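Peer 1: This is what each chain is made of:
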Amino acid sequence: MLNELQVKQVKRYLRINNIESRLILGDFMDHLCCMIEQNMSEGASFEDSLRASFSQLPGYEMKKIEKYTLKLLNMETSFSSRTSLLATIPFGLFGLSWAFSNSGIYAPKFINLFLFWAPMISMFVLLGIGWTKKFPRWSFPSIGFCLLFSMFLMMVSIPGLSDGVLGLWAWIPLLITLVISFIFKPGIEPIKKIVERIKEDPSLILFALYGIAPFFVWIICDEMYTIWMIFIALISTLILSSGIYLFLKSDKKRTRVFSMIISGLLAVIFTFTASIIYWK
Amino acid sequence: MFSQEILKGTIKPLIIKLINEEGKMYGYQITQKVKELSSQKIVITEGALYPALHKLVDEGILVTESEWIGNRERKYYLLSESGKQTAVVKLEEIKESILMLVQLFDLKPLVYDVK
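One line per chain: the protein sequences are A and B, in this order. Be aware that the first sequence starts at -13, since it is given in the numbering used here, and climbs by one per residue. Be aware that the second sequence starts at 530, since it is given in the numbering used here, and climbs by one per residue.
Derived from the structure by calculation, the hints contain no laboratory data. Since the structure is predicted, the reported quantities are computational estimates derived from the model, not experimental observations. Built from N, CA and C at the ideal position, the CB exists for glycine as well. Hints may contain errors.
[Unchecked claim] Per label pair, the in silico range of CB-to-CB distance:
{"hint": "1", "chain 1": "A", "residue 1": "Ile115", "chain 2": "B", "residue 2": "Asn600", "range": "42 to 48 Å"}
{"hint": "2", "chain 1": "A", "residue 1": "Val181", "chain 2": "B", "residue 2": "Phe634", "range": "43 to 49 Å"}
{"hint": "3", "chain 1": "A", "residue 1": "Lys185", "chain 2": "B", "residue 2": "Glu596", "range": "18 to 24 Å"}
{"hint": "4", "chain 1": "B", "residue 1": "Glu602", "chain 2": "A", "residue 2": "Leu154", "range": "43 to 49 Å"}
{"hint": "5", "chain 1": "A", "residue 1": "Ile166", "chain 2": "B", "residue 2": "Trp597", "range": "45 to 51 Å"}
Kindly generate the complete structure, drawing on both the sequences and the hints.
Peer 2: See below:
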C-alpha cells in the first residue's frame, strides 16, 4: 500500500497534467496507485514503478480521456473556436446596440428598434436553446443575464406600459421563455444538469453572472451621447467577448477564471474612466 | 490481442456482466479481471473503460460508492436497483447479437470444436 508521500506524488502528477474534473480525478488517482503497487509487488522500487506507470498512462492520454468522457456526458469544459465565437454573439449585439444608441448616428427607426431589442431577445433565445440542450457551459451567461435582467426590470417603469415600476410583471419574458423551452424539452432534467455542472465547477456561477456584464457597462454610459461612444462600445465589447471566448476555449481552469475576471474588470474600468472623462 | 474497434460495442455489457457477478468493482480491478478471463488477450484500455463507466452512471445503470483504501479514496461501481433489471436485458441482448454474429461469420463448427 502506498504511503502518504507516495500518494501525494501521484496527485502532483495528475495536477501537473491538468486533470481537473472531480469525476475523473479519483478514478485516475486510484488506477495509477494500483499500477504502481502492482509493479512494486513484483519487486520494482517505488521510483521505477512510478516512472513505468506514468509512461504507461501518460498525462496527455489522461487529458484526452478526461475530455472525451466529459464530452460523452455533455459536460465539456472546453469548446471549439467556432462554438466559443458563436457564444459571444449576444455580447456583440449589446455592443452594436450601445454604439448606435449613444453615438448620435442617425439610423432608420426599424434599425434602432431592432438594435435595441436584439441583444435582450438573443439572451432569452440562448436560454431557451440552453434548456433544450441541458445547459452546456456556453449557455450559462444567458442564465445570469435573464435572472438579473428580470430583477432589474422589476424596478423599472415603462411609460405607456405600466403606471409604476413593473414589479412581478418583469418576469413575464423569462416565464414565456421557460414555457416555450419546456414544450420542446419537458421535465426538470435541465435544472438538474445546472446543479450538477455547478457542483463540478463552481466557477460557473461567476460565468453565469458574467452574462449581465455587457448590460452593466452599457448602464455606466447611460445618458452619454458622443461619437466617441462607438470606440468605447467597441473596445468594451471586444474585451468582454474575449472573456467569454477564453473561458469556453481554455483547457485550464485557472486560465478560464483568470481571463473572465480580468476581462470583466478591464471592461468596467475602461468604461468607467470614459464616463468620468465625458462628465468632466 | 483484440482490436479495440472490435471490442467497442461490447465494453458496456462486459462491464455490466462483471459488476453483476462481483457485486461491486473499481476501474483497475475491471481491467485486470478482463485480462485474466481472456488469458491476456483482451485488454480494456483506460480510454475505453472510464468513459463507459461514467456513461453507465449517467444512464442510471451504475451507481458509485467511495471507500478509503490507505491514503487514497477508491471509487467502486455497482449496479443500481434499476440497473439490475437493465443488466438482464442488456446481457440477453449481447448474447443474441453474438449468436447472430456466429451465424453470420459461419463460426458454428469452430464453436462446436471449442466445446
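Peer 1: Now tell me, hint by hint, if it's right for this structure.
Peer 2: Right, here's what the structure says about each hint:
no.	hint	in the structure
1	Ile115/A / Asn600/B: 42 to 48 Å	holds, 45 Å
2	Val181/A / Phe634/B: 43 to 49 Å	holds, 47 Å
3	Lys185/A / Glu596/B: 18 to 24 Å	holds, 21 Å
4	Glu602/B / Leu154/A: 43 to 49 Å	holds, 47 Å
5	Ile166/A / Trp597/B: 45 to 51 Å	holds, 48 Å
The structure shown violates none of the earlier numbered hints.
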